[in-house]
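**Q** Fit chains R and Y to the supplied structure of chain V, relying on the hints for placement.
Just so you know, the sequences run in chain order V, R and Y.
54 is the number of the first residue of the first sequence in my numbering; add one for each residue after it.
3 is the number of the first residue of the second sequence in my numbering; add one for each residue after it.
25 is the number of the first residue of the third sequence in my numbering; add one for each residue after it.
Take every hint as true, because none was put in to throw you off.
Here are the computed distance ranges between Cβ atoms for each label pair:
1. S149(Y) x Y282(R): 40 to 46 Å
2. V183(Y) x F14(R): 54 to 60 Å
3. Y203(V) x V106(Y): 36 to 42 Å
4. H272(R) x T110(V): 57 to 63 Å
5. D199(Y) x L305(R): 35 to 41 Å
6. T110(V) x A275(Y): 34 to 40 Å
7. F14(R) x W136(Y): 37 to 43 Å
8. L283(Y) x F169(R): 42 to 48 Å
9. D195(V) x H273(R): 41 to 47 Å
EDC-like mimics (lysine to aspartate or glutamate), calculated; alpha carbons at most 16 Å apart, straight line:
10. K245(Y) x D236(R)
11. K293(V) x D260(V)
12. K263(Y) x E185(Y)
13. K189(V) x E205(V)
14. K189(V) x E235(V)
15. K280(Y) x E124(R)
16. K245(Y) x E124(R)
17. K189(V) x E241(V)
18. K293(V) x D258(V)
No lab work stands behind these hints, which were simulated from the structure alone.
Please read all numbers here as calculations on a predicted model, not as lab measurements.
Positions of the beta carbon are idealized from the N, C-alpha and C atoms, including for glycine.
Spelled out, the chains give:
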Amino acid sequence: MSSTLRTEGLSKRFGDFHALDGVTMQLPRGARHAVIGPNGAGKTTLINLLTGTVRATAGEVYIGSERVTSLRPEQRVRRGLVRTFQINSLFPELTVLESVLLATCQRTGAALDAWRGLDARAQEFQAARATLRLLKLEGVADVRTRDLAYGEQRLLEIALALACRPRILLLDEPAAGVPRRESVALFEAIAGLPGDLTVLFIEHDMDLVFRFAQRITVLVGGAILTEGTPQEIAGDARVKQIYLGRAA
Amino acid sequence: MRVRGLWLEAAFWLVLAAGFVLWPSRLPLASQVLIAGLFALSYDLILGYAGILSLGHAAYFGVGAYSAGLLAAHGWGEPISGLIAAGLLAALAGLITSPLVVRGTDLTRLMITTGLGLLLFELANRLGAITGGVDGLQGVEVQPLFGALRFDIYGRTAYGYVLAVVFVLFLAARRLVRSPFGLSLRGIRGNPARMRAIGCRVDLHLAAVYTFSAACAGVAGALLTQTTQFVGLDVLSFGRSAELLVMLIVGGAGLLYGGFIGAAVFMIAHHYLSSLDPVYWQFWLGAGLVLIVLVGRDGILGLGHRVLGVRRRRAGPAP
Amino acid sequence: MASLLGVLFDGLAYGMLLFLVSVGLSVTLGLMNFVNLAHGAFAMLGGYVCVALMQRWGVPFLAALPAAFIAAAVAGVILERVLYRRFYRRSHLDQVLVTIGLVFMAIAVATWAFGSQQQPLRLPSTLAGQWSLFGVDLNVYRCFLLVVGASLAVVLTFVLERTRFGAAVRASVDDARVAEALGIRVALVFQLTFAVGCGLAGLGGALGVEVLGLDPTFPLKYIVYFLLVVAVGGTGSVKGPLFAALLLGVADVAGKYYLPQVGAFILYAIMVLLLIVRPQGLVARA
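Next comes chain V alone, as it looks inside the complex (with noise of 0.2 Å):
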């Protein structure tokens, strides 16, 4: 199968500090595929690589079959690769629907219309309710974000990304501060999403991880220890001294 994501010797160096370290990995299309690995593993880092948002010392990222390496983080996004953030960046001021009418504007290109009112968008404005219904938002649409419930924002958070129709949807520690009961229907929520998307997550919670992926990359110290399914990962005896060592 072809692949949607793919990179070769991706590194970053700040000084001597080798933040990430020749990491090649392949996402097939409809990947669901975990990133896990100890705090300072180099997981963000990564993140920030595929996006573009930091430049790579060294490496290649491809999109399907196209270098993206050199590629500004906004043209990224117009190829499909698009990132939720692990401390929401959301709109405050903007409502859930607006903040997801923004983000649709920006993919099909009204955003750079000065003239014609929003209101006159009914494309866009299906879409974004589109969206809304695929995050169960649509109930909230009208609230200010400032005034959403965390758990909702950390679905709106999704939702921004999701509004400009992603081939690759890179996914940093999405249940980050919800609690365990929300984080698996936040979960159940990405694990719903259309089959031929393309889903890279960083998670801590590693039941989360093994419920969810279908593929583990384990990062070290910016380098790849391993790869493989869920068993393979929950078999090897590395994996586990680094995760359970400590705690036995």
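**A** Below, chains R and Y without anything else, positioned relative to chain V:
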């Protein structure tokens, strides 16, 4: 809500149109207020909607004022084409300088815009042979409007002309802020990083609104030139940029009408208070500013909106 | 050749004044990320205190200087406690508005108290006059400025880099939250730094009456110069603003001497160019 808003808007412009009857002896002052209101509206677009903090917006006002003045002084006295030419030149100035302004933090923007404003002021000051320097540009002769309506000493033609131009540009600005582009600007003001992450070309948006804002400011400057038949160096002064900020804040930023309300309050207060004592005026202006910010920066219009129960939007860059 | 040396000398003396006035602004901007456009008002206060003491009470110049420092520092402390403190966490727009408001008020008060004319200052005879050195006429007062500025720069550098207090300031500039967690009382550090910064501005204002002039529009007229020093020199150090101020002083004096028809144009152009090339300042913090 929407319908009531529309009625209020219609009433606002109808009262202005009735100005010929309501304040016939104050038409020149009313024209000045409208011009300042348009200038403040142009500033509202970049500060209130897009969150660009600038202390040099007088640069574009001045470019428009001098363009119109120089054209009229050199024989091109036809007002409408002169106005359009001045607006386009100001837009060009905005477009050229926009890459310097849109990038960077509040502080960098503040210093760059201040620097650009001073640069232009100094340029006009030094090019005395062209601009008239500190004495101002003399010999500005504006021809009758449509070749028929002379600019009379009571300011009737001027008031009608200014009101019409301001109304047209206001309509354009109103469409802009209610369009998807306007929504994007509010998004950029709230969270530029996230805008990039959802694929927005933030710099392009900011450059576009900055250019349009510069054009509006230029037209305001040109209107001032054409209605007073004179251009002084003060059109480019730092004080004008600072006063602009005060007007918008007094009226309420990010609300479209705030600039007009602020300009009216500011200029009428200035008109009466400074005739008492200019020092007195300056002191209370400063104290008023401090107080407004201490109490909450919503301006008169924001207060009105709160009373009417309209959702308010905070202006300016996020803290 | 002689004129070149003369320009350099005048420029350096002028730069020293800019340094004294601006160094406080640079530190407060770095420390609290607070945009204080009213900083020049403290310099003006120092200038007026000095002039008033000399004119009305016959206080000698050298005794009026410390008084200018103290007056500006006290004013700084009061204003910091009453007003500025509420704005550290507010947006830059709010900070700009409040401090511009203060500038307007300061101008009005100064006009009311002293009138709008330039204030004369009679230097003591020991500081007036010229020295001739290798065929170059050196203005004694400018030599005095250079000496005072250089000594204060040395003292400030020493305090900032060698003392416990200086370490606390640097830590707070670096990361106020971490500094707080380390037990540094950032608010107190800031208050002291702010007071000293204002005091230095006051001293600079008093020393500058002879060179920069003194009238009520002072805070507005020189706002750009102070911002420029900060913009070029970066925030939170002594060396940065010193270097920037000297550079600006020389550039401005040279521009006015060699290209009088261009005037301040060059300076503003340099400012804009520098900001484009190095938005973080020429001497960015490591």
